[in-house]
Amino acid sequence: MRTHQYREIILETCHCRHLSADDIFEEIQKTHPKVGRATIYRNIEKMFEENLLRKIPGPNCKNYFESNDEPHAHLVDDRSKIFCDFPIENINLKNLPEGYEVAEICIHIKKTS
Numbered sequence: 007m008r009t010h011q012y013r014e015i016i017l018e019t020c021h022c023r024h025l026s027a028d029d030i031f032e033e034i035q036k037t038h039p040k041v042g043r044a045t046i047y048r049n050i051e052k053m054f055e056e057n058l059l060r061k062i063p064g065p066n067c068k069n070y071f072e073s074n075d076e077p078h079a080h081l082v083d084d085r086s087k088i089f090c091d092f093p094i095e096n097i098n099l100k101n102l103p104e105g106y107e108v109a110e111i112c113i114h115i116k117k118t119s
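Residue numbers (this note's numbering): 7 to 119.
Worth flagging that the hints you see were computed from the coordinates, not collected in a lab.
Beta carbons are placed, not taken as given, at the ideal position from N, Cα and C, and that holds for glycine.
Some clues are possibly wrong.
To be verified - Pair by pair, the computed Cβ-Cβ distance ranges are:
{"#": "1", "residue 1": "I97", "residue 2": "P63", "range": "13 to 21 Å"}
{"#": "2", "residue 1": "Q11", "residue 2": "I113", "range": "16 to 24 Å"}
{"#": "3", "residue 1": "E76", "residue 2": "N98", "range": "13 to 21 Å"}
Stated by the list, open to error - Straight-line distance between alpha carbons at most 30 Å, and here's what the computed DSS-like set of lysine-lysine pairs gives:
{"#": "4", "residue 1": "K52", "residue 2": "K100"}
{"#": "5", "residue 1": "K52", "residue 2": "K36"}
{"#": "6", "residue 1": "K117", "residue 2": "K40"}
With the hints as extra help, turn the sequences into a complete structure.
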């Protein structure tokens, strides 16, 4: 299998979901059992570096990945480990220093116990 095929499979697996690297590997193993863990992890990291995947810090210091590039926040329940996308609109960043350009905004909203 070629690199672009792995990437397509990873993007399909992550579509509309928040998965750890282990979760992605386990999902892909169901349909592509010969693909190695190192291959998946290496491609996930490269895709993150190339902005094809977003990395989300999650509960228990575990990173999760997603392919959703629409502006949104994350609602996080630490108990259930569930992430939900929450649409955000009209973010107004006033008084940014001159020459400052926003590359990304990450908002994580955690549920109280």
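Worksheet item: Which earlier hints turn out false for this structure, listed by number in ascending order?
Response: Going through the list in order, the structure violates hints 2, 4, 6 and respects the others.
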